[in-house]
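Place chains E, R and V on chain U using the hints.
There are 4 protein chains.
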Amino acid sequence: MSTDPNPSPVRLKAVAGHGQPDPSPELEQLYRGFERELLVPLWTEIGDLMPVQPKSKAAPHLWRWERLKELAAQAGRIVPVGRGGERRAIALANPSLGGKPYATPTLWAAIQYLMPGEDAPEHRHTQHAFRFVVEGEGVWTVVNGDPVRMSRGDFLPQSGWNWHAHHNAAKEPMAWIDGLDIPFAYYTESQFFEFGRESISPAERTTPERSRAERLWGHPGLRPVSKPDATPASPLLAYRWVDTDRALADQLALEEEGDAATLSPGHAAVRFTNPTSGGDVLPTIRAEMHRVRAGARTLTRREVGSSVFQVFDGSGTVTVGERRWSVARGDLFVVPSWVPFTAQAATSEHLDLFRFGDAPIFEALHAQRVRIGD
Amino acid sequence: MSTDPNPSPVRLKAVAGHGQPDPSPELEQLYRGFERELLVPLWTEIGDLMPVQPKSKAAPHLWRWERLKELAAQAGRIVPVGRGGERRAIALANPSLGGKPYATPTLWAAIQYLMPGEDAPEHRHTQHAFRFVVEGEGVWTVVNGDPVRMSRGDFLPQSGWNWHAHHNAAKEPMAWIDGLDIPFAYYTESQFFEFGRESISPAERTTPERSRAERLWGHPGLRPVSKPDATPASPLLAYRWVDTDRALADQLALEEEGDAATLSPGHAAVRFTNPTSGGDVLPTIRAEMHRVRAGARTLTRREVGSSVFQVFDGSGTVTVGERRWSVARGDLFVVPSWVPFTAQAATSEHLDLFRFGDAPIFEALHAQRVRIGD
Amino acid sequence: MSTDPNPSPVRLKAVAGHGQPDPSPELEQLYRGFERELLVPLWTEIGDLMPVQPKSKAAPHLWRWERLKELAAQAGRIVPVGRGGERRAIALANPSLGGKPYATPTLWAAIQYLMPGEDAPEHRHTQHAFRFVVEGEGVWTVVNGDPVRMSRGDFLPQSGWNWHAHHNAAKEPMAWIDGLDIPFAYYTESQFFEFGRESISPAERTTPERSRAERLWGHPGLRPVSKPDATPASPLLAYRWVDTDRALADQLALEEEGDAATLSPGHAAVRFTNPTSGGDVLPTIRAEMHRVRAGARTLTRREVGSSVFQVFDGSGTVTVGERRWSVARGDLFVVPSWVPFTAQAATSEHLDLFRFGDAPIFEALHAQRVRIGD
Amino acid sequence: MSTDPNPSPVRLKAVAGHGQPDPSPELEQLYRGFERELLVPLWTEIGDLMPVQPKSKAAPHLWRWERLKELAAQAGRIVPVGRGGERRAIALANPSLGGKPYATPTLWAAIQYLMPGEDAPEHRHTQHAFRFVVEGEGVWTVVNGDPVRMSRGDFLPQSGWNWHAHHNAAKEPMAWIDGLDIPFAYYTESQFFEFGRESISPAERTTPERSRAERLWGHPGLRPVSKPDATPASPLLAYRWVDTDRALADQLALEEEGDAATLSPGHAAVRFTNPTSGGDVLPTIRAEMHRVRAGARTLTRREVGSSVFQVFDGSGTVTVGERRWSVARGDLFVVPSWVPFTAQAATSEHLDLFRFGDAPIFEALHAQRVRIGD
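Chains as they are written, first to last, in our numbering: chain U, 18 to 391; chain E, 18 to 391; chain R, 18 to 391; chain V, 18 to 391.
Excised from the complex, chain U in its bound form (with noise of 0.2 Å):
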């Protein structure tokens, strides 16, 4: 209006409702008040502010990784990477959080794309990210100046504050999935970043089979002496998928021979974990990799807090609340907080799923919560 050059932000309308004062004269005088004063009463809001559990207000949603390759394919064809663009990334937005680039209120999940002989310029940044690959190989991440190698099923955690750039030495393109708590770090208003060197080093891209931290790291139970402490994130920069296929197999062998290995019968997962610590890999992430043995479905699940899968291998069918999909390799879906989750595999092949969440925020917290049954 023209007689207010500075609206308030504040908008407050009586209304008769449970809870709700008799709306009046002066109950409108009143809001005037709270609108001039930048002041909101709790009785309007609390109904959405404080419900009686989660309402998610993201959605369940799949995408399907055809797409998402053809659209990486199309971009890496038109799109260059460098600097101040940064990274050849391309993030799920889920349909109910306003075309922002969230795959849930928490988490950032994005295809990476990388044409042959690219690279993607390092930087660093103080939110928390990893690395996926469902399929190909040929890129390394140089963390630190350490090459990493990325090959199907590995999953590579990059934690915060740390050096990093990507070279693909192969002769195809490469896509994966990066996963970043880029939204917490945006909406609690922590992050920093950091841009690095224009152009890495010829010795940085050297195409090694196991990066140094691998060496250091990698050995099942043992840590270096020479390292002594306990640190925030993993300094393990690569979890090989034949690791974690055999992990998956042994738990299923397990179960069959009558020990409880498995979450639930059919149901087997790992957690990647921080070896100096015992925990997540990540402070606000948490990832894992969950095998249903063809057939059998997993328990229903609601927990705090929210989780993005992506299939990598087989076939099923997963139940997100009211929403129900056929999937296979490389699709992905989110589960928003507290919504009831089930996967079921294939009865012709198992269902592997990688999955991450921010549960590590709740349990630092002491606000996790989990209800298992249907």
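Take the hints with a grain of salt, since some may be wrong.
For identical chains, the list gives no copy identity; a pair is met inside one copy or between any two copies.
Heads up, simulated BS3-like pairs for lysine-lysine below, C-alpha to C-alpha not over 30 Å straight-line [said to hold, decoys possible]:
1) Lys188 <-> Lys30
2) Lys30 <-> Lys117
3) Lys72 <-> Lys188
4) Lys117 <-> Lys86
5) Lys72 <-> Lys117
Everything labelled a hint here was simulated from the structure, so no lab data went into it. Just so you know, these numbers come straight off a predicted model, no measurement behind them.
Relative to the frame of chain U, chains E, R and V by itself:
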């Protein structure tokens, strides 16, 4: 539009700029594909999402206590307290947060007001809360059946999932400040709420000088052996002004005697802690009382995360980023993340500042940063 | 023997018995071989080394305060205090520990005695210590330059590697109890010691009511923000009787009002804690004050690890394993590991028991066990 | 003496000396009083009890593997294994510890020997244990029903209060090393013991290549989600030589490439850790494998607490305080508390040293000190 029955919330525009791909028909086509598939590229968002350092969406802002009290008193006359609305609480709405009742992105701060003889009904919620009393007395908060007196200068933590109600046993209205982590819990979708009894019992209407919690936990350095475990939040339900005041006076006296007791010359501060752990009083909220000696000035401080201050006593000048205010008893102001803050006491009297903030979240997640100095 | 210039300390004898090999010449020859090579078989030792439950080498024993004071006063007349001997401290020697100055296998307990005007010179050591004052006043302990008053009922922790001296500023001698982990440190060979200044400064001879440590740390639930870190031992150098007494009285009053505040009916107890962590006041020593209501009796308790008790006030009967004593002010007794203990107050007055023990060692190593009940 | 039916174990003698009171009849009378009352003054004991730094009662000592094996084999022929004696284990008795079966004041080290087809019966105890295999194979340890293979180079932790038995499934006898905290538990009187079944089941006599524990926990950086809690000791029951060897080789290779992977030039070391916490494999015992490159020498190291070493491979020279020995495969030696230690590999081959020690005790109690350098 009639031709788009289910429009995507994603809207992308090709623009020229550092790190941006050159606008072209192919790029527009790519962006339409992103929109259809609910995808957002990093390169258009990175400047906003991943700044070099936190750029808070919240603004520094000051609310005058006199105006808050007037409006609260007006609400006292026309807005009843009862089930559904739950509390006569009126929240500070940061002018840059879209009219939402958030003092900062993570913190709720409200004035609550209770008329003589009034009750606020029992409920519980996982959000962590506290009361702080800048003036007045006469209300008791009943926590799990334990009546806790509220008087000027007292700090009363109310950790999540404990039943609580209020009743005003005095002849006068009473106003105080509620602080909660409502915005954080709302954003991270981790909240639970339960209604309690409509009315507390006669035994709960007693008005003891000390609560049972204080009789168990309010003795310096002593814990009841019958309650051995560490709990995530403090079991002590009231921190009395007589203790806080003495602790601050002791620090300034020690400084005068030549001991390193203060944060900087003339700047004493105590933190309210959980006696079972020595850590913060609540898992998500830090609360402190600061005293600046007459004529003294605190060091400038920037930190990750936001705070709300209330002037408890005295007067002076506070500087928050580009804003500066003269402040007096009861005034409330916010310091957004990474915005520099300093306080200067008047030359004639000390300045007592109550402060609460979200630092425990960042410390738990290893994301805390502090920079001290101008 | 002249034929054995370097005899082995190992001596083995073949004996018949359950689990023992049959005596034979070959066995004797084998045992001679073991002796030569400094070897001892498990099978001859296992009954002693690995009992079904702890069988303490220490005996329950009681020392009468009147006798201790008489001897300490006698020592006050003829044994000077000074460098080399360091302290006029006289330790309880458990009758089953070979005449060593150990109250229990891990704990040292001594009466210390200082004549009017006397000083005990400054030193520091890694052994953790405390003072407890059953009667009298007039001595100040100077810890890192901070004079700390010692009066009846006060508990004064003295954590390892802090400089400390004592001076008697009164006209009367004063006696008190020292507790340390000397035997534990001796056995585990982990101790360091350093001599300090020959004499403390005049400023250190002042006799303030409250120490600087108390002024910084003695406020319930409050910590100085200028001292943020958790420390392994308490920075609070005195726990005053007025607080301890009130906490115990509060527990018994709460019990009368129907609240679960005591360990069992009529048995109140507080633990002295480190305000920076909520844990035990010293890394190796737990200290508590217990009050048994007139006519009440504690539950029988067995626990791994040993304790020393001193009667602070009142009278009653204590039972330690097979031993039972009527006790009065100042009497000291030991409860060895896993020996059942119970205390019964006289019908006419409550019984206040100061207790210290080695439980933190076992809790830190996950070896603690407690059994409650008769 | 006939005049002293119940002589005191305390014996005091007045002697002249620094810090000692002058001998006199009064002093003698005082000392007689002390003896009668079971008291010992600090001033006569302080030099021994509170040394400037640890003066270990244990001596550096070396046991030759060939001699141990001969005696163990001799025992194998004439000492049966069974209930009561429990194990054919023969312990190192430090020559300065009075013939007791203690390698150091806190540590037990023994050679255990099992004939073909023999069983050692099931039991459990709170003492923490491990096996280390310097040569041979064929024995399986059955832990809570899980058969665990034992082969050269393997380290097998056996944390307290787990049922365990051994059976030799091979045609040859087998010897290995047991390490336990028996002396520490004995001294601190914290031990429990329980006999198990007389005989293990046929299913437990199987000889799987990998134990169930390894199949659940033996994958680098991965934990089974079905077993979420941190446990005080490692759930991984075998650390295989193939992993340990590779980790050491990796460190030396990284060092050659210019990375900081070793403790000092030519000195690689790995620590066996609890994958649920990243900490030591057992609450009271640290275990490590060290490799010194041919011709290299470790830095001289002193630390609080004691260690036992066994040469796993190669040869060289070790120096422990004033003692120096040439060592070869299987030789065992002890390094007492605060005694300097260094190892030098032969010029022709590297030196692999298995080491276990009591450092976790001191770290848990904040009493650890290390000094590195000559």
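Here's how the hints hold up against the structure:
1. Lys188 <-> Lys30: Neither: 62 Å inside a copy, 32 Å across copies.
2. Lys30 <-> Lys117: both (28 Å within a copy, 14 Å between copies)
3. Lys72 <-> Lys188: neither (47 Å within a copy, 41 Å between copies)
4. Lys117 <-> Lys86: within (20 Å within a copy, 39 Å between copies)
5. Lys72 <-> Lys117: both (19 Å within a copy, 18 Å between copies)
Violated hints, listed in ascending order, are 1 and 3; each of the other numbered hints is respected by the structure.
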